[in-house]
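2 protein chains.
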Amino acid sequence: MNPPIIYQSLYDTLLELVVYLIFLRYFLVFLHSCGELRSDHVGEKVTLCGWVQYLRQELFVILRDFSGMTQVVIPQKESAWHLKSTLCDLTVESVIKVTGTVRCRPEGQENKLMPTGEIEILAESVEVYNLCQKLPFEIKDFVKKSEALRMQYRYLDLRSSQMQRNLRLRSQVVMKMREFLCNMHGFVDIETPTLFKRTPGGAKEFVVPSREPGRFYCLPQSPQQFKQLLMVAGIDRYFQIARCYRDEGSKPDRQPEFTQVDIEMSFVEQTGIMSLVEGLLQHSWPAELGPIHLPFNTMTFEEAMRDYGVDKPDTRFAMKLIDLSDIFMSTDVPFLRSALSQPGGYVQAICVPSGLRRRKFEDIQDFMSLRQRTLLGHLRLQSAELLECCGVSVRDPSVFHFLWVVDFPLFLTSEHEPENLESAHHPFTAPLPEDTHLLYTEPQKVRGQHYDLVLNGCEVGGGSIRIHKASEQRYVLKNILKEDPTLLTHLLEALDSGAPPHGGIALGLDRLLSIMVASQSIRDVIAFPKSFRGHDLMSSAPDLISEEELKSYHISVIWPME
Amino acid sequence: MNPPIIYQSLYDTLLELVVYLIFLRYFLVFLHSCGELRSDHVGEKVTLCGWVQYLRQELFVILRDFSGMTQVVIPQKESAWHLKSTLCDLTVESVIKVTGTVRCRPEGQENKLMPTGEIEILAESVEVYNLCQKLPFEIKDFVKKSEALRMQYRYLDLRSSQMQRNLRLRSQVVMKMREFLCNMHGFVDIETPTLFKRTPGGAKEFVVPSREPGRFYCLPQSPQQFKQLLMVAGIDRYFQIARCYRDEGSKPDRQPEFTQVDIEMSFVEQTGIMSLVEGLLQHSWPAELGPIHLPFNTMTFEEAMRDYGVDKPDTRFAMKLIDLSDIFMSTDVPFLRSALSQPGGYVQAICVPSGLRRRKFEDIQDFMSLRQRTLLGHLRLQSAELLECCGVSVRDPSVFHFLWVVDFPLFLTSEHEPENLESAHHPFTAPLPEDTHLLYTEPQKVRGQHYDLVLNGCEVGGGSIRIHKASEQRYVLKNILKEDPTLLTHLLEALDSGAPPHGGIALGLDRLLSIMVASQSIRDVIAFPKSFRGHDLMSSAPDLISEEELKSYHISVIWPME
Chain A
71 MNPPIIYQSL YDTLLELVVY LIFLRYFLVF LHSCGELRSD HVGEKVTLCG WVQYLRQELF
131 VILRDFSGMT QVVIPQKESA WHLKSTLCDL TVESVIKVTG TVRCRPEGQE NKLMPTGEIE
191 ILAESVEVYN LCQKLPFEIK DFVKKSEALR MQYRYLDLRS SQMQRNLRLR SQVVMKMREF
251 LCNMHGFVDI ETPTLFKRTP GGAKEFVVPS REPGRFYCLP QSPQQFKQLL MVAGIDRYFQ
311 IARCYRDEGS KPDRQPEFTQ VDIEMSFVEQ TGIMSLVEGL LQHSWPAELG PIHLPFNTMT
371 FEEAMRDYGV DKPDTRFAMK LIDLSDIFMS TDVPFLRSAL SQPGGYVQAI CVPSGLRRRK
431 FEDIQDFMSL RQRTLLGHLR LQSAELLECC GVSVRDPSVF HFLWVVDFPL FLTSEHEPEN
491 LESAHHPFTA PLPEDTHLLY TEPQKVRGQH YDLVLNGCEV GGGSIRIHKA SEQRYVLKNI
551 LKEDPTLLTH LLEALDSGAP PHGGIALGLD RLLSIMVASQ SIRDVIAFPK SFRGHDLMSS
611 APDLISEEEL KSYHISVIWP ME
Chain B
71 MNPPIIYQSL YDTLLELVVY LIFLRYFLVF LHSCGELRSD HVGEKVTLCG WVQYLRQELF
131 VILRDFSGMT QVVIPQKESA WHLKSTLCDL TVESVIKVTG TVRCRPEGQE NKLMPTGEIE
191 ILAESVEVYN LCQKLPFEIK DFVKKSEALR MQYRYLDLRS SQMQRNLRLR SQVVMKMREF
251 LCNMHGFVDI ETPTLFKRTP GGAKEFVVPS REPGRFYCLP QSPQQFKQLL MVAGIDRYFQ
311 IARCYRDEGS KPDRQPEFTQ VDIEMSFVEQ TGIMSLVEGL LQHSWPAELG PIHLPFNTMT
371 FEEAMRDYGV DKPDTRFAMK LIDLSDIFMS TDVPFLRSAL SQPGGYVQAI CVPSGLRRRK
431 FEDIQDFMSL RQRTLLGHLR LQSAELLECC GVSVRDPSVF HFLWVVDFPL FLTSEHEPEN
491 LESAHHPFTA PLPEDTHLLY TEPQKVRGQH YDLVLNGCEV GGGSIRIHKA SEQRYVLKNI
551 LKEDPTLLTH LLEALDSGAP PHGGIALGLD RLLSIMVASQ SIRDVIAFPK SFRGHDLMSS
611 APDLISEEEL KSYHISVIWP ME
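Taken in order, these protein sequences are the chains called A and B. Per my numbering, the first sequence runs over residues 71 to 632. Per my numbering, the second sequence runs over residues 71 to 632.
So here's chain A without its partners, still in its complex pose:
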């Protein structure tokens, strides 16, 4: 079919252009990544930049970047002696730019395991950007390194394909979350300060001296106060990927700084936040992990404790706690009788499938000094681990069980002062409407509008509907928690200036990501994590600072006595 006459000249021009482009393809040099060349590219002149993965018998250089590897052929002909000697003198992990022509590998030498395994590049020129001098360990996925060495040379550790994948996946998941919140649901991304004031009971907050004698900022554990103030400020939907700080010394697998997906909404109820978060996770969930199903299951705190002995049950397997109190009601066994005769006493058991060897059970006996439900919760998890060690399949590592736990008690008896109550989560959580009257009579019985999100037995998020009336907030702080409300004057004043009902949630991004990539440690999804002891082993932070430098902050070090 001929094109209409009127377009003939345009058609001719385009045709010429296409012919020209096809012709040009064999003269132009294209910059490619190391993972993308295929047999389609044979005959093209290409340029690759990357790291030398290894050299083979003065014949090949294997070049690597984030996308994969390509085999580069070292020319053997006499006239290319200079190029050959440059390539042969390379060290592993040196950075080069190589230009050459794509060709098919000789028959029988294709590598089916390598995406670029059909082709190779015959080198024509090379530029050595950086000759790698020395390496504390090899950048090979199969080479095991100690955790300390990985941390000290983190810039090398991050070259591994696993860490490349983790960091890139994290970036993509967060981007999807932002699209969902910002573009699809009208949330406003707002940055809140990290140089703030000490919060009541903020024993885990880092302090930052200012240039005014005796005055300190604190690094907050979360943007909790700011997000509530933003609701009072009429920002109806707030979110932030927020950096948070917690000084917990050497608690294992905690980081002094960590990241949470921080969300707050006005004019919302508990179910509204919960379905928002379900949509958020479904939208940002990596396709390669398979779909997740909505809505997530919900369980009350009471049910979780009764059936699983823990407030964050791993629901991937059963082995629930079973109450045997009725059966043993008329038993003669002394320790069972004793247990049942106590107020609130009970007898519970878990049924562990066969497969555990007898010796393994002995490891468990350490627990036996406790006498409470959480003991059985621990026992249940440890049994699962032991069974898996023995080769019994208990938890499918490819499934993701999300679960909401709700109806937590609002207050708990203080561990250190049992006559006092303390907040189960934080002092801003609103009571369940039907329990509000108990605040003034039996506060220990009040359930809060708090919800925890649990994934495969790990807490990955928690939130609540907040108190939005100053009088109620003041009563909780002063009369129930016995805290000084003047430290929160700004928040109480704000609640008196037209505060909408509001609530929100914070998701632990590091933990969520580590479960997605099936890593034991959140350090595997953080680019530059601190060690167990809070050290940066690469730069050796924290570090000594001279007394002179501390003078402008009006502080001096108290050195401990020998």
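Derived from the structure by calculation, the hints contain no laboratory data. Be aware that a few hints might be false.
One copy or any two copies: either way a pair holds, since identical chains are not told apart in the list.
What the hints assert, rightly or not - As a list, the in silico EDC-like pairs of lysine to aspartate or glutamate whose alpha-carbon atoms are at most 20 Å apart:
1) 548 <-> 489
2) 204 <-> 566
3) 246 <-> 348
4) 210 <-> 566
5) 621 <-> 282
Given the coordinates of chain A, assemble chain B onto it according to the supplied hints.
Relative to chain A, chain B alone:
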């Protein structure tokens, strides 16, 4: 036209559904925002949540949220006395939920200035969420408040339409930037630590005591070292909306914490970064500000100083510096002769258009103690301001002039020790290739691969191609800057382990946004900024902390002598 037979039943069902939905519309209650109702909605039952903007004559309540305002009619009939008294007892800025029916305003009472001015809501029920108790100032755009009052009651200040717009625009611009970098250009969003180690010459870094005696973290001024380490780690394209910290005491319009769009790429040259940033700004530029044109103009540092007397010229107006040295070569005027007789001496002038009153010129004479080009640069800007005060149009406030300034000197003479050189920007900037040899002979003549982005005379970004060879970096640190390279051992080791050529840029997000919204201060685009003196006037941070609480950090306060 009849639908095909085969679809008849589907068609009937759909038709029924549509009729049902139209019917339902008059029975269902829809939740709307306060800015969206129009005459199309007349007859619908709706629910609005918002703040009481004002009450008028016991007849109307004007309800506001982020999206606008709606007039609510207070029913006057006897049977609605309870609803009427609840509405009439409301205070301004109280938060309510009101349900009622949309109706046309009576003829002649429409408000053309109000997007919802055609309609009103006849209230049928109300829920008072929060009765506003007291207000330090009215939430009206025309009510001027002092800066201190705005900061102390920031949660009220943010309710203004201007601050609502600023924060929402900021969120949208950042989202567009992320889409451009992450989705369109394969950048990886990576969070870097803020608890780090003191950097050489880091006098402006906040210190954070750890629980180990004498050991401190520092809050970094930028992720500079981390982004370079990420390039060494094989993350070829990194970006982060990064929180940065700088302790500058009371320098005006600086914030102790601020945000930069932080970008770094491997295997890139200066022009690559520059065109990336141009595309980034074009993509994220708010449509209502009109398009920006690419490529941006480029000027060398030498040209900027020669023609504008400043390294960040405002090119929205001319009034360039003119060299008159030749004309005055044979002058008899003593101070001109004296100037020209000095080595490198010159005579320059600017031509100020008529319009300045004579008295205004007297204000300028304070400058006259300086003798240098920057004097004329200052004079040029001050003349423009004075002209504008006198009603002469000099700079069009609606235009945005982007400009790249390039070819900066790599080193400057140290202000405090004139025999030493210091980095013009930072010690990691690479020299221009053609100047590299001068590093070893005449370092003061070396130009750097540094580029500043200037918008309407403000620096909004700066970046460089970095040194990627350890030997060169060590030479610069040790031999030219006389700094101790052991503080940067980790970076130097990294450059020896296969570092690709790389470069990047950081854009000052707060400043960029403040220019977009035509605000004088970056405090107008930050949700909770600090005051000039670095105070949070709302929560009164920084605050006193007891010696007891400081003990776990092994520090004590040195109180100044009276």
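Enumerate the violated hints, using their earlier numbering and listing them in ascending order. none
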